[in-house]
Amino acid sequence: MTNLVFAELSNGKLRKTAHEAAAFAAQLGNTTAIAIGRADEGELQKLGAYGIAKVLHVANESLNNVFSKAYTKVITAAAQSINADCIVISHNSTGKSVAPRVAIRWNASLYPGVNGLPVNGTIRKAVFSGKAFADLTFSDGLKVVTLNPNSYKPVAGEGAATVENFEIAIAESDFDYTVLSIEDEAGGHVPLPEAEIVVSGGRGLKGPENWNVIEDLANALGAATACSRPVADIGWRPHHEHVGQTGITIKPTLYIAVGISGAIQHLAGVNQSKVIVVINKDPEAPFFKAADYGIVGDALEVVPKITEAVKKMRAEG
Amino acid sequence: MKLLVCLSKAPDTTSKIAFIDNNTKFSENGVQFIINPYDEWYALVRALELKETLGGTVTIVNVGKADNEQIIRKALALGADDAVRIDLDPADAYQVAANIAGYAKSEQFDIVLTGKETIDYNGGIVGGMIAELLDMPYVSLASKLDVDGSSLKIEREMEGVKETVSVKMPCVLSAQKGMAEARIPNMRGILASKTKPVAVLTASVTEVKAGVSVFALPAEKTGCKMISADDAAQLVSLLHNEAKVI
Ligand SMILES: Cc1cc2nc3c(=O)[nH]c(=O)nc-3n(C[C@H](O)[C@H](O)[C@H](O)COP(=O)(O)OP(=O)(O)OC[C@H]3O[C@@H](n4cnc5c(N)ncnc54)[C@H](O)[C@@H]3O)c2cc1C
Ligand SMILES: Nc1ncnc2c1ncn2[C@@H]1O[C@H](COP(=O)(O)O)[C@@H](O)[C@H]1O
Numbered sequence: 000m001t002n003l004v005f006a007e008l009s010n011g012k013l014r015k016t017a018h019e020a021a022a023f024a025a026q027l028g029n030t031t032a033i034a035i036g037r038a039d040e041g042e043l044q045k046l047g048a049y050g051i052a053k054v055l056h057v058a059n060e061s062l063n064n065v066f067s068k069a070y071t072k073v074i075t076a077a078a079q080s081i082n083a084d085c086i087v088i089s090h091n092s093t094g095k096s097v098a099p100r101v102a103i104r105w106n107a108s109l110y111p112g113v114n115g116l117p118v119n120g121t122i123r124k125a126v127f128s129g130k131a132f133a134d135l136t137f138s139d140g141l142k143v144v145t146l147n148p149n150s151y152k153p154v155a156g157e158g159a160a161t162v163e164n165f166e167i168a169i170a171e172s173d174f175d176y177t178v179l180s181i182e183d184e185a186g187g188h189v190p191l192p193e194a195e196i197v198v199s200g201g202r203g204l205k206g207p208e209n210w211n212v213i214e215d216l217a218n219a220l221g222a223a224t225a226c227s228r229p230v231a232d233i234g235w236r237p238h239h240e241h242v243g244q245t246g247i248t249i250k251p252t253l254y255i256a257v258g259i260s261g262a263i264q265h266l267a268g269v270n271q272s273k274v275i276v277v278i279n280k281d282p283e284a285p286f287f288k289a290a291d292y293g294i295v296g297d298a299l300e301v302v303p304k305i306t307e308a309v310k311k312m313r314a315e316g
Numbered sequence: 000m001k002l003l004v005c006l007s008k009a010p011d012t013t014s015k016i017a018f019i020d021n022n023t024k025f026s027e028n029g030v031q032f033i034i035n036p037y038d039e040w041y042a043l044v045r046a047l048e049l050k051e052t053l054g055g056t057v058t059i060v061n062v063g064k065a066d067n068e069q070i071i072r073k074a075l076a077l078g079a080d081d082a083v084r085i086d087l088d089p090a091d092a093y094q095v096a097a098n099i100a101g102y103a104k105s106e107q108f109d110i111v112l113t114g115k116e117t118i119d120y121n122g123g124i125v126g127g128m129i130a131e132l133l134d135m136p137y138v139s140l141a142s143k144l145d146v147d148g149s150s151l152k153i154e155r156e157m158e159g160v161k162e163t164v165s166v167k168m169p170c171v172l173s174a175q176k177g178m179a180e181a182r183i184p185n186m187r188g189i190l191a192s193k194t195k196p197v198a199v200l201t202a203s204v205t206e207v208k209a210g211v212s213v214f215a216l217p218a219e220k221t222g223c224k225m226i227s228a229d230d231a232a233q234l235v236s237l238l239h240n241e242a243k244v245i
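Chains D and W are the protein sequences, given in the same order. For what it's worth, numbering that gives the first Met the number 0 labels the leading residue of the first sequence as 0, then goes sequentially. For what it's worth, numbering that gives the first Met the number 0 labels the leading residue of the second sequence as 0, then goes sequentially.
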């Protein structure tokens, strides 16, 4: 199979999800990458470490922001130029706005949010908000695959990719809209859906003034912070931290839930985490049934002890 | 303004998930169905609010069989004017998008609203497909929507970033939390809904591009290892040495 991977840039750097998508595509077969917008000196060459020999680059600064029409034009043109059978894109907000357009324009089958490589002619995705999987029939024809973040672990090897300019004319009509403003809410931290470790707080924390225990543990672990829905609704925490059925879905390797009861709608956003730790003062809290490790106790007493133990471990190396 | 809201039917969020026919079909036994939350709370309610303040019509479109009538009536009870049901049990997102686009092509809607994703298929792709098929701008993951003359001012919430954009109508968008607050139908709405028109159309596209071969349930958790609250350090060593996640 000949593949094209879309390697997403953000502020000149490849996103973590771009490494994942590149390594995944390289496993599927011979893969060329397409990158759009400004790239830091030497950045795109790094894709060589994930099995990519060649990167096509559209260094058009007016495409630093994502536009579904313009990106679709570039990605489908690049796929045609290398005669690709399959396009791999990350299933993040960029992928969700671009991949469906690409699939239609290219007349391909679209496999949204897959968790791994195809096996025996099918490819797996989570459905029913993480409560089940569907194995989709992997077509012999043209395909667009979007890969769920944190689903495929890229292993960096050796090598540098060669970078070629990809010439394509972008017209006024290729921009879906004009961007009025962009606000960085993560404040330079790892975006929640990309975080490997997430520390999350619920109503059991009693008030926003206690969030320092969550933040201290997150800092010690290099983790992102999240919260349950009521916590965002009452305004203790910003809305973009709300995980679950109505918030965002995450898939970290470690999810630490503090003072969260474990309602089914909360679990829908976190049940694909690899390891779940629950800290709750109620031994009957439903979350323990979905957990791998649990501590029954008062969050304000237990969490600082964990933070200390993490710091000690890190200090001892 | 002429608004189209794409509604899908979804199992209630607390439903037990099970499969029948050799794991090829979702078991509807004992399942309560609802309107997919993103479609109802955000897309539909915001469309109704715009109609109430600016005038116009809100049309519902659903791709589904006759048993979807119940969720369509609920949308009409909430205040939508009329509905179109395209009579097909969809096998993939392409079928949904192609049939909706086929219908919308000749109707000149100003805004086509979808939800961020369905809570049963979790694709998040129907809106983008419709936008491409209709050759319209696509604004995904919209959390705020206001009309500004012939343009829309929309906020999009993405990975830790909020983008505010100005888009010209007609356009397609996908709605998420923040756009509106859930409503409950009132008695007058429920009565009125009974006589509102629901047109049933034959599906124009039946090709399947990425169908489900088989479903599977995840392995059960093997049980939770409990650690004493006095011994928090043990948790850290288990996460490091046993689970190997820190
Ligand atoms: C359609 C729908 C969609 C929803 N979507 C979401 C969603 O996306 N995300 C979401 O999170 N929720 C969602 N909910 C709400 C969900 O049902 C729960 O109400 C919510 O998750 C509960 O939040 P919580 O666990 O923080 O609070 P609570 O349920 O109040 O639980 C607090 C927990 O903290 C424990 N506790 C109290 N004090 C302490 C202490 N000192 N130390 C340790 N533990 C303590 C308690 O034992 C309890 O288990 C949704 C609900 C509906 C109906
Ligand atoms: N059968 C359907 N009928 C009408 N609209 C649908 C249907 N399925 C999905 N949609 C719309 O498309 C959105 C995204 O769906 P999906 O791509 O399946 O996650 C939903 O939130 C709905 O607005």
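Bear in mind the hints are in silico, worked out from the structure with no lab data behind them. Take these hints with a grain of salt, some might be off.
[Claimed, not checked] Below, simulated DSS-like cross-link-like pairs (lysine-lysine); rule was C-alpha separation at most 25 Å, straight line: (1) W/K50 - D/K273; (2) D/K130 - W/K104; (3) D/K288 - W/K224; (4) W/K243 - D/K273.
Verification of the supplied hints:
1. W/K50 - D/K273: violated, 45 Å
2. D/K130 - W/K104: Given that 25 Å is the threshold and the Cα spacing comes to 36 Å, the pair is violated.
3. D/K288 - W/K224: OK: D/K288 and W/K224 at ~10 Å, within 25 Å.
4. W/K243 - D/K273: holds, 11 Å
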